[in-house]
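Fit chain V to the known structure of chain G by using the hints.
Residue numbers (our numbering), protein chains in the order written: chain G, 1 to 330; chain V, 331 to 615.
Derived from the structure by calculation, the hints contain no laboratory data. We put the beta carbon where it would ideally sit given N, CA and C, even for glycine. Any given hint could be a false lead.
If we take Cβ atoms under 7 Å as the criterion, some of the chain G residues that face chain V in the derived model are [to be verified]: (1) Arg-28; (2) Ile-38; (3) Gln-44; (4) Ile-48; (5) Asn-52; (6) Leu-197; (7) Ile-198; (8) Gly-236; (9) Lys-237; (10) Pro-282; (11) Pro-285; (12) Pro-290.
With a Cα cut of at most 25 Å, we get these calculated BS3-like pairs of lysine-lysine [unchecked claim]: (13) Lys-449/V x Lys-12/G; (14) Lys-271/G x Lys-603/V; (15) Lys-271/G x Lys-595/V; (16) Lys-295/G x Lys-279/G.
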Amino acid sequence: MIETIYIEKKIKDHPRTMSILSKFKKARHIEIDKYGEIFNKHNQNFRIQKKNPALILAYKKEGYVLPAPEGFGIGSSKNYYFSHMYNCIYDCRYCFLQGMYSSANYVVFVNFEDFDAEIEKIIQKHPKDSLTFFSGYDCDSLALEKVTGFAKHIIPFFQKYPNVDVEFRTKSTQIEPFSLIKPMDNLVIAYSLMPDLISKSLDNKTPSILKRINAMSLLASKGWKIGLRFDPLIHGKDWKDLYTKMIIMVFNSIPVSSIHSVSFGPLRFPKQMFKDIFKLYPNEPLFLGPLSQNKGIISYSTEIEQEMTFFCKELTTKYINESQIFKCSA
Amino acid sequence: MVENITKEEKFSIRWVIALKDEAEIIIQQYRMKLLSEKSVFPIFKNSEETHWLILSGIGRHNASAATLYLYEKSKAPKWTAWINIGIAGCGEGHFGDLCLVDKITNNSDRKVSFPSAMKNSPFPRMELLTTDIPIIDYSSKELIDMEACAFYDATSKFSSRELISIVKVISDGPSNNIKNLNRSIISKLITTNISNIIKIVLYYKNLSLDEYKRLKKPDIFYKICNQWHFTVSQQHQLERVLRRIATSNINENILNLLKDCRNSKSVMSILNKQMESYEVDWRNT
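If we strip away everything but chain G, and leave its shape as in the complex, we get:
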């Protein structure tokens, strides 16, 4: 439940602001000049804030679309991401957002049309390249959809560009934006997955793995393309058994023809980010190991990473072509 909404003065009368505010009738509204006044302050306690985050409605001035980090892609020659929101309603212990911002409050940018314009510019600049745009890098792309309506806004935009791919990465079971329109060949709804037992420990406040599989299954039945994102791969006792059961369950629930791509990603934190997250949650089992440091990155050893990726890939190639499998190393 959102108790407090900070609103940048510049967009206080924006129709999207009004629409969002109407969904939180009891929330207290506080006017601010810039979202940074609340979001970027140093004296914030992320852990306490995360229990009860505020919503910040803001105007994004620049950086609507950014090149995706190297190793983040599903086959296109150029990859970009856009984030209409900073932070996430979920609380996954491996998520980089815990160490990314000093605040756990949600920032929602209401000037969606500026995202459209920037994406359009990039598409026109690269007429011959294969392009993929990713939604859900600094947030979950669908988790707050009922409030923001961003997916509903941006999906028709991509209908105009059938040769340009867009991926919505999520753990949400919010499928409404896809239920009212015809499936698009250039749109992938990608679900982050891990064995249920591990997810129960690490994916706080998220829909269960079973619910995510049910959502995928429903979308697939309507003709939408599904991405499977086993990212990050989490080590632990009996991990082979746990991943085998999960992968079999997923492929038994979704027709292979609906699967656009599969990607595997290792668990990795830049050293400083790891320190910050460890400080926030020092008693988390995720950090028990066997983690090591290599070139400023905290991760499982290369042997473990390779073994896990190889094992899961082997299992997956029983169902789909190797050309549909990607490694996410961002």
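Chain V in isolation, oriented as in the chain G frame:
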């Protein structure tokens, strides 16, 4: 030698209050006693040293100086919750109502700050204007006081905004002339709100305890640091590995494992080895 912190599980609350009449009931409620007659500002604390209270006097400069003085004098730990409570003028609310502050404007430089008020609280939240002279035109802002922005600025230097609380009780307004305020009325305004204040304290006590549990170093950390010399950087590494061992349920007697170590390097090597091949059993998490 590394300074040991208390081993008891302790929350920590610090009060900054302008007037004795505002503080009296709180001093009684939490059984605080005057620390010393000779102090720059009068400081009170309870026997467990969980509550400390300072009487700042009126105005921004006093509030700022008193807050910093209390911070130093009480050696306030990182998990301290800071509370400023006092009376305030108000153009909107009702006489005697208790309010939480979530926006402060400093009238002298127009600087705006955003304290984080208690969550899920039954109390109204309001904006506050801190002025250096009493204002009787109540139309421009919700609450008016003479200390809060200075208290917030000072506490922000050593605490997170989630652990800072500004609580005001409405004492004057368009229909309650400030000239009618006297010591007895001020005292009564706070006293009648004591059950509300207790609720607020309970909220911050729990936050402080959570933070204490997160930040306190394992007891064995101090034992090890007292036995071998660790650099500051090594101390951080030691703390991390000891926390991991504590979470892992490895039932080794750590001090016994380390008994033959000659220096900090060999201590770290043995401890790191404990976790090197540890596999998390997700069934037990």
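Here is how each hint holds up against the structure:
The criterion of a C-beta within 7 Å of any C-beta in chain V is met by Arg-28/G, whose closest approach is roughly 6 Å, and the hint holds. With a least beta-carbon distance of about 6 Å to chain V, the hint placing Ile-38/G at the interface is held under the 7 Å criterion. Nearest Cβ of chain V to the Cβ of Gln-44/G: about 6 Å, under the 7 Å cut. The hint holds. With a cut of 7 Å, the hint placing Ile-48/G at the interface with chain V holds, because the nearest CB-to-CB distance is about 4 Å.
Contact between Asn-52/G and chain V, as hinted, is supported at the beta carbon level, the nearest pair being about 4 Å apart and thus within 7 Å. With a least beta-carbon distance of about 5 Å to chain V, the hint placing Leu-197/G at the interface is held under the 7 Å criterion. A least Cβ separation of about 5 Å between Ile-198/G and chain V falls short of the 7 Å threshold, and the interface hint therefore holds. Proximity of Gly-236/G to chain V holds as hinted, the smallest CB-CB distance being about 4 Å (cut-off 7 Å).
The interface hint given for Lys-237/G holds, since its Cβ lies 4 Å from the closest Cβ of chain V, which is under the 7 Å cut-off. Annotation: interface hint on Pro-282/G holds; nearest CB of chain V at approximately 5 Å, less than 7 Å. Residue-level restraint check for Pro-285/G holds (minimum Cβ-Cβ distance to chain V is 4 Å; threshold 7 Å). Taking 7 Å as the C-beta cut-off, the interface hint given for Pro-290/G holds, the closest approach to chain V being about 6 Å.
Between Lys-449/V and Lys-12/G the alpha-carbon distance is near 24 Å, which keeps this suggested pair within the 25 Å criterion. Taken as a hint, the Lys-271/G and Lys-603/V pair is honoured in the structure, with Cα atoms around 20 Å apart against an allowance of 25 Å. Annotation: proposed proximity of Lys-271/G to Lys-595/V holds, straight-line Cα distance about 21 Å (limit 25 Å). Between the alpha carbons of Lys-295/G and Lys-279/G the distance comes to roughly 21 Å, so the proposed pair stays at or under 25 Å and holds.
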